[in-house]
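Peer 1: Protein chains in written order, with the working numbering: chain A, 2 to 356; chain B, 129 to 400.
Calculated from the structure, these hints are not laboratory results.
Heads up, some of the hints might be wrong.
What the hints assert, rightly or not - Using C-beta positions, here's what the derived DEER-type ranges look like:
1) A:Glu144 <-> B:Leu383: 58 to 64 Å
2) A:Asp136 <-> B:Leu281: 44 to 50 Å
3) A:Asn245 <-> B:Leu383: 50 to 56 Å
4) A:Leu33 <-> B:Ile379: 54 to 60 Å
Ideal Cβ positions, reconstructed from N, Cα and C, are used throughout, including at glycine.
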Amino acid sequence: MKENNECAIVMKGISKEFKVLNRREGLKGSLLDLFSRDYKTVTAVDDISIEIPRGQIVGYLGPNGAGKSTTIKMMTGVLEPTRGELLVNGAVPYKNRAKNAEKIGVVFGQRSQLWWALPLTESFNILKDIYMIPDQEYKDMLEFYQSLVDIEPLLHKPVRQMSLGQRTLSDILAAFLHNPGIVFLDEPTIGLDVSMKSKIRTLIHALNQEKGTTVILTTHDMGDVDALCRRIVIIDHGKMLYDNDIEHLRRFFGSYRTLKLRLSGDKKAQLEKLTAEIPECSVGITEDEEWITVLVDEEKRKVMDVLSQIQNSYTVRDMQLEEISTEDVIRKIYEDADRENGAASEETEEGSESK
Amino acid sequence: MTNSISKKRGLGFYLHIYRMIVIQDIKSKMSYRSDFIISTVGMIATNVTGFISFWILFRNFPSISGWGYYEMLFLYGFSLISLTPVQCLFDNNWSLRQNVFSGDFIKYYFRPINIFFYYQSEIFDVKGLGQLAFGIGTLVYAWAKLGIPVTVLAVVELVVFLITASLIMIALQNAAAATCFWINNSFYVLDLAYKFRDYAKYPITIFGPVFKFVFTFLIPIAFIAYYPSLVILRPDEIPVLTWLSPVIGLIFFGLSYKFWMLGVRKYNGTGS
Chain A
2 MKENNECAIV MKGISKEFKV LNRREGLKGS LLDLFSRDYK TVTAVDDISI EIPRGQIVGY
62 LGPNGAGKST TIKMMTGVLE PTRGELLVNG AVPYKNRAKN AEKIGVVFGQ RSQLWWALPL
122 TESFNILKDI YMIPDQEYKD MLEFYQSLVD IEPLLHKPVR QMSLGQRTLS DILAAFLHNP
182 GIVFLDEPTI GLDVSMKSKI RTLIHALNQE KGTTVILTTH DMGDVDALCR RIVIIDHGKM
242 LYDNDIEHLR RFFGSYRTLK LRLSGDKKAQ LEKLTAEIPE CSVGITEDEE WITVLVDEEK
302 RKVMDVLSQI QNSYTVRDMQ LEEISTEDVI RKIYEDADRE NGAASEETEE GSESK
Chain B
129 MTNSISKKRG LGFYLHIYRM IVIQDIKSKM SYRSDFIIST VGMIATNVTG FISFWILFRN
189 FPSISGWGYY EMLFLYGFSL ISLTPVQCLF DNNWSLRQNV FSGDFIKYYF RPINIFFYYQ
249 SEIFDVKGLG QLAFGIGTLV YAWAKLGIPV TVLAVVELVV FLITASLIMI ALQNAAAATC
309 FWINNSFYVL DLAYKFRDYA KYPITIFGPV FKFVFTFLIP IAFIAYYPSL VILRPDEIPV
369 LTWLSPVIGL IFFGLSYKFW MLGVRKYNGT GS
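Bound conformation, chain A alone (with noise of 0.2 Å):
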């Protein structure tokens, strides 16, 4: 198999199914569990192919439960897919964990993965002689480390004495020490500040850059994938919803319009009011809650007119007209594909929450 040496990950017709007990109320209900065999089968993950090609940044994106840690646990080799054909590096993750683990760098949200009360530079040459990185590939890399962000004042501190952005920044220096071939981030910026976000965003791109190590970032936040990602992978319930180019998504979505809305009162409030009374426009606040932001579609009902409804009900204090943004457009795929799975698929969302 030729292809798979470009590829750092090939999925096919990838499924992860999980069996959950039907659980009963109550004491009884409990102490029966304990001889039940009832169980039903919830699928995390439902038929997804995608293939990565080295060097490559994907942004791996969906909703809460939506079967991200699932994917990247069957990747990383922690758990064993139900169907389906998945290669890592060319290998088969969960037959070759430890084989597999040689190759990739994992930050797994807020859980750090070093020694807690040991020093940056303690926990590092731990790794060095865990991956056996040679001496001189070793000081290289700390080399370049040290000319992308200052680490001079990381090094000595024990990891629990550290800011959630010193230990998030040194989880990511640590993921890329071996030189990985491919590197999952599972949000890595989630509670950070601005100005950490941002370096580590300078970061990640700089590293791949310099290393061609392929990345699989899982994030909440559109910045991350405004910053870093040229391909996003959307999914939902299991399954996918989207795979290409984020240009390609933004011109797909080109007819619509977000406008930035600065009201007079209280924001929730006006949030709800406004969806009930434009149905045809989704309505959000933005992520520092200091605007409303309206999404309209042209092709459907002109931004000016939608604007004129709303300034006959509400004092308008300031506003903006954008092109739609990352967000936006996620948002707009994740609903619009609620709206098609409608009542049926609300009982799996509820199973694959806790996987």
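Start from chain A and add chain B according to the hints.
Peer 2: Just chain B now, kept in the frame of chain A:
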């Protein structure tokens, strides 16, 4: 890009990594000085009170099931030593439940090394060393008082059976800890296994035939101190089974490891 040749990781590699982690762990523990002192004092107090209750018992009953004071003291010292490895090297088993429950356990999958090793290597409990010193003191004292000749054979037997006993205790704890991969409230299982070690300090003959069977074949705590001590103390009345105990120890350890790793394979982790 990455090295295509898979690197070999043998026993030497693991010993080296273990040494590195343990040295760092001890260093960082020493840096919390008051914590270190308090836990050392606590450990000494635990051992001293344990010994005092043992001593009071023997003031009232000069012999138990035909076992004299110094013989019992020997048994006591032997069990303390054999419990040291599980205390020092496998103490992280106590946190397994929280790690599995919270989903933090997933991080152990991401390194190219054995998961059981990686997990256990994280904690080295220094307090166990005090117990070791206490146990050795007790054992040597009892040995001298009993006037048993010190021969090369006796010492070799002692070491072999100490290792056997340690393996069985480790196996018990591994298996008990690994139940958390299947059941939520596994703390009680682990706590139970921990309490069993108290029984290891007494001659199995005091328990009656049912428990004698249970403690020999089902939960083999009789191998932790009783059967091995017989080899040194009463070489004439050793059950044949005793000579098998090193094998039994290895088998039990192997099984507990398999069971632990079965849990690892079964683990799904929580969402993040």
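Peer 1: Does the Cβ-Cβ separation between Glu144 of chain A and Leu383 of chain B fall within 58 to 64 Å?
Peer 2: Violated: the Cβ-Cβ distance is about 49 Å, outside 58 to 64 Å.
Peer 1: Could you say whether the range 54 to 60 Å given as a hint is met by the Cβ separation of Leu33 of chain A and Ile379 of chain B?
Peer 2: Violated, since Leu33 of chain A and Ile379 of chain B (Cβ atoms, about 37 Å apart) do not stay within the stated range.
Peer 1: Look at the Cβ atoms of Asp136 of chain A and Leu281 of chain B and judge whether their distance stays inside 44 to 50 Å.
Peer 2: Hint holds: Cβ distance 48 Å, inside 44 to 50 Å.
Peer 1: State, for the Cβ atoms of Asn245 of chain A and Leu383 of chain B, whether the hinted interval 50 to 56 Å holds or is violated.
Peer 2: 51 Å, holds
In summary, the structure is inconsistent with hints 1 and 4 from the numbered list given earlier, while agreeing with the others.
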